[in-house]
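Student: Its first residue numbered 513, the sequence shown is counted upward by one per residue in our numbering.
Accuracy of the hints is not assured; some may be wrong.
Straight-line alpha carbon distances no greater than 20 Å define the calculated SDA-like cross-link-like pairs of lysine to any residue that follow [unchecked claim]:
id: 1; residue 1: LYS714; residue 2: GLY565
id: 2; residue 1: LYS625; residue 2: LYS680
id: 3; residue 1: LYS625; residue 2: LYS892
id: 4; residue 1: LYS625; residue 2: ARG663
id: 5; residue 1: LYS916; residue 2: PHE544
id: 6; residue 1: LYS689; residue 2: LEU664
id: 7; residue 1: LYS731; residue 2: GLY710
id: 8; residue 1: LYS892; residue 2: GLU860
id: 9; residue 1: LYS771; residue 2: SER886
id: 10; residue 1: LYS715; residue 2: LYS625
id: 11; residue 1: LYS625; residue 2: GLY710
Since the hints were made in silico from the structure, they are not lab data.
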Amino acid sequence: MKLLYIGDSRLARNIGARSTNIALLRLLETDFAGFTSIFRWYMEIDGLIPDTGKNEALFAQACPDDYAQLFAGIGESDAVLVQGEGSFLFSAPIRPDLAYLLLAFQICAQLGKPFFLVNAGISPPIDVASNGLAFAAPDREILRETLQWLRLARLVTVRDQYSYAFVKANDAGINIKYVPDALFSLFDFYQANGAYLGALLKKPQFALAHDRRESLIPKFDFAGNYVLLSGSAFAARYGGESKTERFAALAVALQQMLKQYNINLYLLEACDGDSFLRLQVSEATGIPYIPVTTNIFLLGRIIGSSRCLVSGRFHPSILAALGGAELVLMGSDSCKIQSLPHTLELGEREIFPPVPGPNAIERIVAETEKRITSPVAREKLRNTARKNGEEALRLPRLLQDCLKDMRQ
């Protein structure tokens with residue numbers, strides 16, 4: 513069977529996009545002999561509207577080569593697998609990546625090709641005025657357009673229970689299942705290769721990617737105790753100029769608290785949306801940053817070996833859980849962060865503002881101190897991550913079962 517995989521993000525400067533696509537493709541290789549990929553669409557498209565029929569004509573005119581590649585790829589395949597990631601967010605105007613995926617669904621329907629949506633986060637948008645802590649109503653027109661195509665999918669799998677409940681509440685007729693994010697399936701990889709990756713990181717100046725201040729003197733001590741701080745999709749999209757000042761204040765406050773415990777603080781550039789940590793916050797505070805361009809497997813080891821990750825990033829939080837690192841969670845632009853306490857069996861956890869003011873900074877520092885001074889339950893968290901990894905391994909079989917039903 514010839515499978516077309518749409519939404520491949522392995523080339524993205526994004527820890528989550530790279531790692532979860534590597535994990536997902538690794539899963540598929542166990543049950544599918546071969547497949548071709550089309551990379552995730554990031555470009556703007558002029559005239560975007562939540563009407564996929566009209567959008568097809570606009571896209572074909574504006575991007576004829578890309579449209580021809582998509583149409584031919586679907587036409588030559590036996591089935592189409594769309595990697596949903598965080599594209600299914602119902603804020604207006606319609607996101608270019610969502611419009612592109614709906615267009616792929618439409619072409620599948622035109623050509624009679626079965627299609628699947630997998631590993632998706634499907635969420636109402638965040639209420640910007642809430643500073644990332646409450647949801648707004650989804651755009652009804654975009655939601656309606658999306659649901660009509662999801663009804664035609666052979667199977668939809670979502671990466672969190674919030675997404676599952678949201679879809680069920682809006683359309684109970686969609687064939688949807690909850691399967692934990694594919695990234696959890698890398699638990700066995702880190703279990704088997706942890707010692708090797710740890711040995712590489714004993715010389716971090718030779719293992720990490722280029723930064724703006726090349727130096728022969730190591731700035732990192734990954735054999736010691738350290739905490740990581742990264743940003744969030746909300747801060748990147750809605751934080752404006754204030755995010756630099758607020759994260760600098762947060763970083764300095766965390767660093768001062770951690771010094772009394774002989775714990776280092778490092779900034780983590782999780783994607784281009786965190787570039788302000790690299791370009792402004794690191795320069796202002798002198799706190800070293802870990803570049804997003806570092807080898808993705810080393811990044812996973814670095815995050816998982818930390819004492820704590822302070823972050824509004826979904827996939828870095830999963831990588832932290834794979835190693836048993838504690839989490840202090842900040843809000844994002846969708847339901848993904850709110851889903852993590854349930855997915856990781858963390859119990860009640862406060863979600864902190866993703867662009868923190870003075871009061872929130874004080875509370876984040878106090879929560880981080882609580883996490884690093886409490887008895888570390890790394891094995892409990894790792895066991896939860898392992899169980900999620902075992903659940904994620906079900907995905908290829910679910911797809912095969914749907915295809916088998918079609919052939920009968």
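Student: Of the numbered hints stated earlier in the document, which are not met by this structure?
Tutor: Of the numbered hints, 1, 2, 3, 10, 11 do not hold.
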